[in-house]
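Protein chains: 2
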Amino acid sequence: MIKLKLKLEVLKNSKSNLGKSLENDINLTNNYYLNNGIAVIYKKPTPVQVVRVNYPSRARCQITEAYYKTPSTTDYNGVFNGYYIDFDVKETHSKTAFPLSNIKPHQIAHLERVFHSGGVAFLIINFCQHSEYFILSYRSYLKFLSEFTTRKSIPRSFFKENCFLINYGYHPRLDYLQVIKNNLSCFIKNE
Amino acid sequence: MIKLKLKLEVLKNSKSNLGKSLENDINLTNNYYLNNGIAVIYKKPTPVQVVRVNYPSRARCQITEAYYKTPSTTDYNGVFNGYYIDFDVKETHSKTAFPLSNIKPHQIAHLERVFHSGGVAFLIINFCQHSEYFILSYRSYLKFLSEFTTRKSIPRSFFKENCFLINYGYHPRLDYLQVIKNNLSCFIKNE
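First to last, the protein sequences are chains U and A.
Each residue of the first sequence is one higher than the last, beginning at 172 in my numbering.
Each residue of the second sequence is one higher than the last, beginning at 172 in my numbering.
For the record, the hints were derived by calculation from the structure and aren't laboratory data.
Warning: the hint list may mix true and false statements.
For identical chains, the list gives no copy identity; a pair is met inside one copy or between any two copies.
Cut-off 25 angstroms, straight-line C-alpha distance, at most; resulting in silico cross-link-like pairs (BS3-like, lysine-lysine) [as the list claims (entries may be wrong)]:
id, residue 1, residue 2
1, 191, 314
2, 240, 191
3, 360, 191
4, 266, 240
5, 275, 214
6, 331, 240
7, 261, 275
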């Protein structure tokens, strides 16, 4: 019984950390880009609805009641070589496919708008079991939808054939901008 | 005595609303751009450091202790015609000049990085007493610094000679992207 509880606890913790290590790798990569003058890309703060505040001292405002709001965009955006960059990061523990339900409707709506405004819109997807990091451009996402109208997940084989792999490195961790730079026409709208 | 208190209260309220009406006009303008497929520009959420949370029900997470953090960037960014747009909005009640102390060092550092990465970086400044809205490009800001090394404020005359006026309208309220579109070379870095 104790063993089962422990196992559940470990499972819960690993669930709550889901996506955190990928986020951390991307944040480190963005810091590297910023410090080396390569690009200016930030993670957006999580929007919070503040209900009540308190002033324990004149200098400091303490928030005493607030709630997380659903963001209307993706998590990351910025500028690289004059291009507008906009993306979100996702992880899957599945060995064979990435469930489409992992992408929220507001995220897709936002990436679509960005793509049509001439920006570079994509998702970075980590197949944890294979330690693989793919860039799924908005363009490839559209291709998948048009070819597989009824599927509820994108098979790993589709990623292998239609997406770009990011190598995991030390400094920077996940050099996704190098991949985008080398394949820019696959990411932006045709004029 | 009561009259004085009332006066102070009015002053305090008008101070706390400082910048709110300009922000509101910019938010309405950005909504117009978004709904008409012209551009995708959002105000970034204010970053909050969450210290303690509570779960009054399984479905909802309530933040019970948090503090505002100083942002490391500007308030607004997004994409327009493939260009990365990044700016902040400022108001001054002075009739003659805009105090440089209104611009925070982190905001200038950020606009500089954006400019060098090929983005469109600027400030929208409202001279409230004249109902005038100027776009101060990062380029014009540099020009001011090089010409007037000791001044602590930018005189209104500099704005009139070196900056672009935005007309106040109904729908959209402040069509700043039209001004940028017509004068793009003044905003971006030379190749």
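Item to check | Identical-chain pair category, residue 266 with residue 240, by Cα at 25 angstroms | outcome: neither (32 angstroms within a copy, 39 angstroms between copies)
Checklist entry - From the Cα coordinates, with 25 angstroms as the cut-off, is the pair residue 275 and residue 214 best called within, between, both, or neither? => result Answer is both: 17 angstroms inside a copy and 20 angstroms across each meet the 25 angstroms cutoff.
Item to check | Same-copy or cross-copy closeness of residue 360 to residue 191 [CA-CA at most 25 angstroms] | outcome: Neither, since 31 angstroms and 36 angstroms both go past 25 angstroms.
Checklist entry - Should residue 331 paired with residue 240 be assigned to within, between, both, or neither, using CA atoms and 25 angstroms as the limit? => result Neither way: residue 331 and residue 240 sit 35 angstroms apart in one copy and 41 angstroms across, limit 25 angstroms.
Checklist entry - With identical chains treated as interchangeable, where does the CA-CA distance between residue 240 and residue 191 reach 25 angstroms or less: within a copy, between copies, both, or neither? => result This pair counts as both: shortest intra-copy Cα distance 19 angstroms, inter-copy 21 angstroms.
Next on the checklist: With identical chains, the pair residue 261 and residue 275 could be close in the same copy or across copies; at 25 angstroms between alpha carbons, which is it: within, between, both, or neither?
Outcome noted: within (11 angstroms within a copy, 34 angstroms between copies)
Item to check | Alpha-carbon proximity context of residue 191 and residue 314, limit 25 angstroms | outcome: Neither. Shortest intra-copy (29 angstroms) and inter-copy (43 angstroms) distances fail the 25 angstroms Cα cut-off.
Hint compliance for this structure: hints 1, 3, 4 and 6 are not met, and every other hint is.
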